[in-house]
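Dock chain B against the given chain A, drawing on the hints supplied.
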Amino acid sequence: MEKGVLVIGGGIAGIQAALDLADAQFKVYLVEKFPSIGGKMAQLDKTFPSMDCAI
Amino acid sequence: MMDVGRHPNITLWTNSEVVKARGKPGNFRVDVLRKARYVDIMECTACGECAKVCPVAVPNEFELGLSLRKAIYQPFPQAVPSAYIRDIEACLGDFPLACSKCRDICEKHCIDYDEKDHVEEIRVGSIIVATGYDFYDPREASEYGYTRYENVVTSLELERLLSASGPSRGFLQKFSDGEPPERVAFIQCVGSRCAKRDILYCSRICCMNSIKDALLIEEHFPESELLIFHIDVRAFGKGFEEFYQRSHGLSKLRYIRGKPSKVTEDPETGELLLNFEDGETGTIERMPVDMVVLSSALVASEGTDELAMALGIEVDVDGYLKSEDACASPLDSTQEGIYLAGCVTGPKDITDSVAEASGAAALAGRHVLGQELEIVKRDVEPIDVTGEARVGVFVCACGINIAGVLDVPKLAAYGASLPGVAHSESVLFACAESTQRQIQDAIVENGLTRVVVAACTPKTHEPVFREACAAVGLNPYLVEMVNIRDQCSWVHHDHPTEATEKARDLIRMAVARAKLLQPLSERELDVGHETLIVGGGVAGIQTAIDLARRGFEVHLIEREAELGGRTSTLASLYPSGRSGASLIDMKKELLNSLGVDVRMRTEVKGVSGFVGNFEVTLASADSGGEETLSVGAIVIAIGSDIYKPDDDFGYGTVPNVIANTDFEDVVRGEGRPTFNERPVETAVFVQCVGSRGPKGNPECSRYCCQSAIRQAIQLRERGVDVVVLHRDVRVYSRMAEEMYRRARGMGVTFLRYDPADPPEVERDGDRAKVLVSEKTQGLTIEIPTDLVVLSLGMIPKKAETEALKELLKIPVGSDGFLLERHPKFGPVETNTEGIFLAGCVQSPKDIGDSISQASAVAAKIGALLSRDTITLEPVTSTVDERLCRACSQCVEVCEFNALEITELPDGRRVATVNEALCKGCGTCAVICPSGAISIRHFTDEMIETMVEAYLEPSEEYGTNAWPEGDVAE
Chain A
128 MEKGVLVIGG GIAGIQAALD LADAQFKVYL VEKFPSIGGK MAQLDKTFPS MDCAI
Chain B
427 MMDVGRHPNI TLWTNSEVVK ARGKPGNFRV DVLRKARYVD IMECTACGEC AKVCPVAVPN
487 EFELGLSLRK AIYQPFPQAV PSAYIRDIEA CLGDFPLACS KCRDICEKHC IDYDEKDHVE
547 EIRVGSIIVA TGYDFYDPRE ASEYGYTRYE NVVTSLELER LLSASGPSRG FLQKFSDGEP
607 PERVAFIQCV GSRCAKRDIL YCSRICCMNS IKDALLIEEH FPESELLIFH IDVRAFGKGF
667 EEFYQRSHGL SKLRYIRGKP SKVTEDPETG ELLLNFEDGE TGTIERMPVD MVVLSSALVA
727 SEGTDELAMA LGIEVDVDGY LKSEDACASP LDSTQEGIYL AGCVTGPKDI TDSVAEASGA
787 AALAGRHVLG QELEIVKRDV EPIDVTGEAR VGVFVCACGI NIAGVLDVPK LAAYGASLPG
847 VAHSESVLFA CAESTQRQIQ DAIVENGLTR VVVAACTPKT HEPVFREACA AVGLNPYLVE
907 MVNIRDQCSW VHHDHPTEAT EKARDLIRMA VARAKLLQPL SERELDVGHE TLIVGGGVAG
967 IQTAIDLARR GFEVHLIERE AELGGRTSTL ASLYPSGRSG ASLIDMKKEL LNSLGVDVRM
1027 RTEVKGVSGF VGNFEVTLAS ADSGGEETLS VGAIVIAIGS DIYKPDDDFG YGTVPNVIAN
1087 TDFEDVVRGE GRPTFNERPV ETAVFVQCVG SRGPKGNPEC SRYCCQSAIR QAIQLRERGV
1147 DVVVLHRDVR VYSRMAEEMY RRARGMGVTF LRYDPADPPE VERDGDRAKV LVSEKTQGLT
1207 IEIPTDLVVL SLGMIPKKAE TEALKELLKI PVGSDGFLLE RHPKFGPVET NTEGIFLAGC
1267 VQSPKDIGDS ISQASAVAAK IGALLSRDTI TLEPVTSTVD ERLCRACSQC VEVCEFNALE
1327 ITELPDGRRV ATVNEALCKG CGTCAVICPS GAISIRHFTD EMIETMVEAY LEPSEEYGTN
1387 AWPEGDVAE
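Protein sequences appear in the order of chains A and B.
Going by my numbering, the first residue of the first sequence is number 128, and it counts up by one from there.
Going by my numbering, the first residue of the second sequence is number 427, and it counts up by one from there.
Bound conformation, chain A alone (with noise of 0.2 Å):
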């Protein structure tokens, strides 16, 4: 079986971490803590300076 990469924390730098490996064809265990991704950005309203939506 194809040997994958560990990403420990499915924050947005966990998230595009995983998604940049996978892209690449590169297997991935996502593994959080919490019981959904999302960490921190999740439970922001709005972000600076472009004012984009969080989620």
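It is worth saying that the hints were derived from the structure and are not from the lab.
There could be a bad hint or two in this list.
Below, in silico cross-link-like pairs of lysine-lysine (DSS-like), each with a Cα-Cα straight-line distance of 30 Å or less [as the list claims (entries may be wrong)]:
#  : chain 1 : residue 1 : chain 2 : residue 2
1  : A       : K160      : B       : K478
2  : A       : K160      : B       : K542
3  : B       : K885      : B       : K1345
4  : B       : K622      : B       : K688
5  : A       : K167      : B       : K1223
6  : B       : K1223     : B       : K1014
7  : B       : K748      : A       : K130
8  : B       : K1121     : B       : K1014
9  : A       : K173      : B       : K1013
10 : A       : K173      : B       : K885
11 : B       : K803      : A       : K130
12 : A       : K160      : B       : K1235
13 : B       : K1121     : B       : K1223
14 : A       : K160      : B       : K688
15 : A       : K130      : B       : K450
16 : B       : K748      : B       : K885
17 : A       : K130      : B       : K688
Chain B in isolation, oriented as in the chain A frame:
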């Protein structure tokens, strides 16, 4: 977030923790504790029936306890995975109180009380740690009264209060009486930069976050007075200074330099009283406010120590994970094969975190080379869409973002009344994973052949709905979106009736167009696997190394005769102390050992082609010859320039004034430094020369405060009296605040100057004197000095940037630097696919940030070129050869060089479209005088139909009338 849930190559384990890792790079065995969720993720549809019957209510963690949730709950509406979870601590269970109500009501039987925690072992080649941060508990800063006074909140609590989907539905109110606050005070640096709290560093994000919150409050409650109490305003990222300056336009916002000593509450009125000294005027004030927002420090996330232990990596003195070298290899942990991304190595904003994450992905990928998975082609039977269109309409409530203004159920009922609509419903969050499944089910059950989603902007969400439809076989180009959030509920929130009518019209127009949509198929194109990197500074070198390590062929060209750019001129890098030249030498050795094709004194002369298929002409200054390379991707890493002062601050007229770039000459040798053969007893640094103003870079240049402080320390250590004149001290890198503290401890004087009344430098015999206005005392201070060092801003390489802009068709930002595709979702990409930015060419950066970003580029190119083909967007223009008269107007207006005039076999000349270059912008179709050009997916017929549907509501398109009868939600 949803991309993760859908990605076939990602296994997502939530509610799970790493217990132990063993092994070495390329071969780690990791034990993961998978805690019981008690709900089957695959089966749960997040219908919420379980939570409705659950009798237990506990504080909702996601809302920071500002609202309640049940013991079986979904963390937040857009959670991924979109499934409920049972809180075992709060649940009554089926014993001894015999509740089990949730299990009884769940129709899909997905609740299992007997599920057990278990440990699973996985084998991986490398590990990325991205466990983020936590907030400092502001109760420890007890002088601010958090939890003692109701109206003292944290910045994250404010974030929830301002959120339309938050506990107060976006209506900011005081906890004491539910009224909107009239005067809100933000207190910065609560915990941060504070020896008493043992948090010495700057938390980096809070200044900008408070400015953002102030702007949001102003937008919703223009009557509120806003105060931001701060030490320095650290707006140092790309576009931050502009954002900060914009906030100065708010008449109700006041920046106060200084931190309140304490917050008290008037027991009579409930008002909060702040005691503070205004640092600008030196006056002591006492001010009543009715809400206080604390910008709590960011601290290492809970469990960092345990995780470090489990992985065998080191923790630094500040509690965050330790990088091998914060400057030269910021993403490497102290153990090979384990990489670090985001706030796990200290506070940073989303943009920097995202760049680091991609960088870490590039580094982690090289341990699993040859382990790539097969590309899975979607194998679903396409839905037959010939025959009369059957449209499905989905109207999103977006929590209350839309439903708070528009009558969503009524709009859904209206949708159902339109001709050709076979199904219409309202949904709570169209983007939620569970709603995607709901849409898919509706397509299959109702035989839908077109889908209209009335929700938010297609810019961010169209791919989501296209993907959902494609997954069940409906061609993704049969989806039409209506933006009833931005265009109706947001802009017309004071006129709900009219806004709902506008949404109704937009939905009618969308349905009319949807019926005309035709399936389009994406084309595949071969890609070349080589990369050209333009610029051999530290960023270009790093991208080259990371790509070569991944097995890609790389060409690196440099205009000068030596690699290394500005980095190689730096005598000592912080914090390692090594020289810039030695760092470059080490990286150069790697380049050579990896077989990168390095060409000195070479420049780009011409570029043609498109992503995966660029043809680049290179000119060598040595041989005078030209050569053409075929590459799949191009990286621009040409760096930046340093501002050249004209006669600012006596430069060029007073002999004692030097540029910071010439500083190394002063400290060469041992003992007391000399300048012009005189010993230097006093030195003055002037900051922001060519930064944050009309001259040079309008933004903060990021590097100069840290650099000046290092230089000041070097002088102070050798007995020189040093004064630093600054506007704000913006030190934010790891260990930089600590260095600033050390400088002050050594006796370096920091004085703030007002850019409206800047310091003056005059000649004074062999010496110079600097005159600075000191506002609190109303004095002008005269500093006699032997040396004045100007900290010069970082500016774009103007001529080169302009040339690249023309050559590659990539945009330049308002600061003159090349513009990234998106600050958060595409920080290293450009608007032209296949062209990437690394290092200071995009905006000023320090070496560590440049290296992270350069690695991020390698990750993006790795993903792009690891495939043999790329997919082309089919929404392009097409030319009707019978109508084309080869007038060339389309060729002239096309910004993407996608059109040319060619000759047909019969000798007629016509315009032809290169579909790989065409972005489907439509400019050519507009200019074409003979009507020969049309845009697929946006044909004239579709647009005319929409206009007709708007202007002439009729039996054909549907009338304006609301359906009769009450509408059930």
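Right, here's what the structure says about each hint:
no., hint, in the structure
1, A:K160 with B:K478, "holds, 26 Å"
2, A:K160 with B:K542, "holds, 16 Å"
3, B:K885 with B:K1345, "holds, 14 Å"
4, B:K622 with B:K688, "holds, 15 Å"
5, A:K167 with B:K1223, "violated, 37 Å"
6, B:K1223 with B:K1014, "holds, 24 Å"
7, B:K748 with A:K130, "holds, 26 Å"
8, B:K1121 with B:K1014, "violated, 36 Å"
9, A:K173 with B:K1013, "violated, 40 Å"
10, A:K173 with B:K885, "holds, 17 Å"
11, B:K803 with A:K130, "holds, 21 Å"
12, A:K160 with B:K1235, "violated, 44 Å"
13, B:K1121 with B:K1223, "holds, 15 Å"
14, A:K160 with B:K688, "violated, 37 Å"
15, A:K130 with B:K450, "holds, 13 Å"
16, B:K748 with B:K885, "violated, 38 Å"
17, A:K130 with B:K688, "violated, 55 Å"
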